[in-house]
Each structure stands twice: as structure tokens, then as C-alpha cells.
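Undergrad: In case you want the letters, here they are:
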Amino acid sequence: MPEQTLSVRFFARLREELGTVHLTMPAPAGQTAADLLATLASRGGPWGQLITGQPVMIAINQAMAKPQSPVKPGDEVAFFPPVTGG
Amino acid sequence: MPQKSFAYSQTVPSVSIQNADFDAAQEYSQLRDSGAGTGAIATFTGLVRDSGDRQGVTGLFLEHYPGMTEQVIGDLIAQACQRWDVRKARVIHRIGRLPLKSQIVFVGVCSAHRRDAFAACEFIMDALKTSAPFWKKELTDAGEHWVEQKASDVARSEDW
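If you read the sequences in order, they're chains A and B.
If you read the first sequence in this note's numbering, its first letter stands for residue 1, the second for the next number, and so on.
If you read the second sequence in this note's numbering, its first letter stands for residue 1, the second for the next number, and so on.
The following block holds chain A by itself, in its conformation from the complex:
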């Protein structure tokens, strides 16, 4: 059921190290961005860095968010390293 999932995107160093641009993940009720990171980190290997490595920035529906921010079905959640443009 598409409405019970959310979309996860990775950018820059995380995209390369995880070898993943986009994932569709379950969106259980009451889930936070930190819960989603923990679920992804439990895949092991390079995924562990999502909670043990360098800081990961979070955007929900293209707005900056915090680990405690709720994530809902249908959301677009993005994880990426601190930004370095300009």
C-alpha cells in the first residue's frame, strides 16, 4: 500500500558510501526521523555510519528537520552531510 510508505533520498558522500540514491521504506505510526535512521543503520555495513558516523542532516518534504521530527506516510525524507556549496 503506497500510502503506508515513505520515500528516502541520500545525497553526496552518503549517496556514494551507501551506494543508494533512493529507497522506499515502511512508515509506521509514531515514527521519527531518528527511528528511521536507526532502522536504516541496522542494515549493517556502511549503513551503521548513519548513527555512529559524522553528523547527518535531515530534511522532511524539502525543509530542514530534526531527529525528533515525525515522519509520516507519503513524506520525502532526505539524509545528507553538512552542506558545502558556494
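Don't read these hints as lab results, they were simulated from the structure.
Be a bit skeptical, because a hint or two may be false.
[Unchecked claim] Among the chain A residues that face chain B by a calculated CB cut under 7 Å, a handful are:
id: 1; residue: F11
id: 2; residue: A12
id: 3; residue: R13
id: 4; residue: Q62
id: 5; residue: P82
id: 6; residue: V83
id: 7; residue: T84
id: 8; residue: G85
id: 9; residue: G86
[To be verified] Across the chosen pairs, the derived CB separations fall in these ranges:
id: 10; chain 1: A; residue 1: G74; chain 2: B; residue 2: N19; range: 30 to 40 Å
id: 11; chain 1: B; residue 1: E148; chain 2: A; residue 2: I51; range: 14 to 24 Å
id: 12; chain 1: A; residue 1: T20; chain 2: B; residue 2: D21; range: 24 to 34 Å
id: 13; chain 1: B; residue 1: R54; chain 2: A; residue 2: A29; range: 40 to 50 Å
id: 14; chain 1: B; residue 1: S29; chain 2: A; residue 2: T20; range: 36 to 46 Å
id: 15; chain 1: A; residue 1: P26; chain 2: B; residue 2: A142; range: 34 to 44 Å
id: 16; chain 1: A; residue 1: E16; chain 2: B; residue 2: Q55; range: 21 to 31 Å
id: 17; chain 1: A; residue 1: V21; chain 2: B; residue 2: H145; range: 19 to 29 Å
id: 18; chain 1: B; residue 1: A20; chain 2: A; residue 2: V21; range: 15 to 25 Å
Glycine included, each C-beta is placed from N, C-alpha and C at the ideal position.
Fit chain B to the known structure of chain A by using the hints.
TA: Structure of chain B alone, referenced to chain A:
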């Protein structure tokens, strides 16, 4: 805060994220066309240089978050309009592979007076470096590496 009585003019899009190079002279000409009250234009252009986190940089690769990046920069321009007399503003940021001396970023601001033009231009540039989702990878003869965020950039952005 003084009441602002000028009109913000937007005849071309304020924000462009693009692979293609830009013509700073042409951008300047378009900024001049912002109404009779404009008395100052401040512009900034950032270039690819041969050193950064490491020496011997031969180029950069830049990535962004399509959609979010444009929105964040649009918000920064809106914040600048709240704080200073900004009659027109333009931000261009390039993505993809850029060789040495390439233009990376352009910020231009029109105002009635130089202080507002300088301040708004510097604010947009400083804030862009820590809040707009762009990531920069340095390319060298010895390989490539993602640039780490600088504490000095974060401090500069927080100063505003």
C-alpha cells in the same frame, strides 16, 4: 525598522541552478534594470581555485537537492528583503564538473544605498554556504574527496 516603500522587481527568475556558465556582465546589466530608485549594485562571484581542503585541486564536482535548494535560496532572498532595502536580487549556482577558474556562484543585489547592497549580498552568500543543500567534491590528480563543512563558515552564517 523603517517602513519600506520600494518595489521588489523580478523580471527574471531570482534563483537559477544550472550546469551552464553565466555571463556576469549580462547579469549586472539585468540587475541595473530594477527601477529609478536603485543607486547601488553589489555583486559577488565565487571561482574554483587550485587549493581547498587539500593542495593540487584540478576541479570541483557540485551536487544539489533539486527543488529544496531553489526554495532555500528563495527564502534567503526573502529574509534579505525583510532586513535591508533590496530592490532586486539574483543568485546563480552551478552544479556538475567545473574546472579551475570556473565561476561557481553569483550573488547580485540592487538597493538604493551601498550599505544595504553590500550587507544583503554578503548575508545571502554566507547563509547559502551553510543552509543551501549543495555539496562540493574536490578533484585532484591523487583522487577525489568531499569537502567538509568549515566551522568558520558556520560561525559567519550565525553572525547574521
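Undergrad: Return the status of the interface hint for P82/A: holds when the least beta-carbon distance to chain B is below 7 Å, violated otherwise.
TA: Holds, about 4 Å.
Undergrad: Using the nearest Cβ pair, does G85/A come within less than 7 Å of chain B?
TA: Hint on G85/A: holds, closest Cβ of chain B at ~2 Å, below 7 Å.
Undergrad: Under 7 Å, Cβ to Cβ, is where Q62/A needs to be relative to chain B, so tell me if that hint holds or is violated.
TA: holds (4 Å)
Undergrad: Please check whether A20/B and V21/A have a Cβ separation lying inside 15 to 25 Å.
TA: At 24 Å between Cβs, range holds.
Undergrad: Would the hint on G86/A be counted as holding, given a Cβ-Cβ threshold of 7 Å to chain B?
TA: Interface hint status for G86/A: holds (4 Å vs cutoff 7 Å).
Undergrad: When you take the CB atoms of V21/A and H145/B, is the distance between them in 19 to 29 Å?
TA: Holds, at about 20 Å.
Undergrad: Minimum Cβ distance from A12/A to chain B below 7 Å?
TA: Where the cut-off is 7 Å and the nearest Cβ of chain B is about 3 Å from A12/A, the hint holds.
Undergrad: Do the Cβ positions of E16/A and Q55/B conform to the proposed distance bound of 21 to 31 Å?
TA: Since the Cβ atoms of E16/A and Q55/B sit about 23 Å apart, the hinted range of 21 to 31 Å holds.
Undergrad: Would the hint on R13/A be counted as holding, given a Cβ-Cβ threshold of 7 Å to chain B?
TA: holds (4 Å)
Undergrad: Once the shortest beta carbon distance from T84/A to chain B is found, is it less than 7 Å?
TA: holds (4 Å)
Undergrad: Falls inside 40 to 50 Å, the C-beta gap from R54/B to A29/A?
TA: holds (47 Å)
Undergrad: Could you tell me whether the CB distance from P26/A to A142/B stays inside 34 to 44 Å?
TA: This hint holds: roughly 42 Å between Cβ atoms.
The structure agrees with every numbered hint stated previously.
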